[in-house]
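Protein chains in written order, with the working numbering: chain A, 818 to 947; chain B, 27 to 122; chain C, 15 to 139.
Errors might be hidden in some of the hints.
In silico negatives: residues of chain A with every beta carbon more than 10 Å from chain C [what the hints assert, rightly or not]: (1) 888; (2) 903; (3) 905; (4) 934; (5) 944.
Straight line, CA to CA, 20 Å or less: simulated SDA-like cross-link-like pairs of lysine to any residue [as the list claims (entries may be wrong)]: (6) B/117 x A/819; (7) B/117 x A/915; (8) B/117 x A/938; (9) B/117 x C/125; (10) A/915 x A/903; (11) B/117 x A/900; (12) B/117 x A/897; (13) C/80 x C/125; (14) B/117 x C/80; (15) B/117 x A/845; (16) B/117 x C/132; (17) C/80 x A/939; (18) C/80 x A/900; (19) B/117 x A/903; (20) B/117 x A/847; (21) B/117 x C/24; (22) B/117 x A/901; (23) C/80 x A/896; (24) C/80 x A/852; (25) B/117 x A/896; (26) B/117 x A/852.
Just so you know, these hints were derived from the structure itself, not from any lab.
No residue lacks a Cβ here, since even glycine has one placed at the ideal position from N, Cα and C.
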Amino acid sequence: MRYALLVQGAPYSSQASHSALRFAAALLARGNRLECVFFYHDGVYNAARLAAPPQDEPHLVDAWVRLNEEHGTQLQVCIAAALRRGLLDEREASRHGKSGHSVEPPFELTGLGQLIDLGLGVDRLVTFAP
Amino acid sequence: MILHILNRSPSSSLVYRDALAGMGPEDRLLLVEDGVHGALPSQVRHFEVIGDRLFALREDLVAHGLDGHCDASVQVVDVDGFVALTEEADKTVSWF
Amino acid sequence: MQAETVLDGDVLVILRHPPHGSSWLREGLDAALVAAAFGQAVSLLFQGDGVLALLQGQGPGPLGQKGTSATLDMLAMYDIESLFLDATSLARLGLSTDSLQLPVSPLEPPSIAALIAGHRLVLTF
């Protein structure tokens, strides 16, 4: 089956990211396909490229990136929710006159319409919220 | 059948009532994260109306030290079983 | 009248949080507006403290924090006219539909379950 996940919790603040990553591994192990993870609300913080957790904690940003590299899962971040919270890719940073950027590929800033498309297009959308 | 997913304990949040109000006669409810506290014998009465359609996620029960404290009426599934429940459902609704 | 209420559509957005205290309501309404702008038949269900979003006389929060009542006024423009609330949630708060800014159909549990079952995509905020 084709799955998408909606993650709405910030990493290290709630269990949402851990639960979503655990579910992602399990659905892939059962032979399903994970098309996309969409990040909304405080979930957009999962795309913070400067996240530097201590060594003895899982690196959640890296875990998302591995999902993309190993399974082709798209990592889409709601642009409106992200910009408000200081999460900008290179293009948005330059557009807003900021000297650094906080989001980088494979995370992509995209519109909320993508979430609706996904929700109606895949077989199952599962939400992980704080 | 719709799979409803609840991550709040009935002792700290009333969202479980909204989840129950949204459940049809075939729907199932899976307790995850803090929601697994609802599987305790002292809490499980809140879910009486759904009978044997109540599930709890083993990994979260274990993490909370509740593995041996789960009420007998609750069906315990691991994360593979969680995925299976979503495969069997027409869709999922998360309550938080 | 209740018998004529249409309980199905493409996207159901469930709003369970009141205005101001968090951005759940605003971001949930944004999702509803976007879905409608994409041509989907969108329904809203106000449930729990989310019914407080419907109260008349709301204003902005501190430091000009945006409220949501202006967004509610825009729903009709986006053809979002299937508006429901959980009657139990409203009664629990001691409020009646007279104090609400929009005409919203109150639903009892069996109809709430039918509403959820009747939509292809259900998003909770």
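Any of the earlier hints contradicted here, and which numbers?
4, 5, 7, 11, 12, 13, 14, 17, 19, 22, 24, 25
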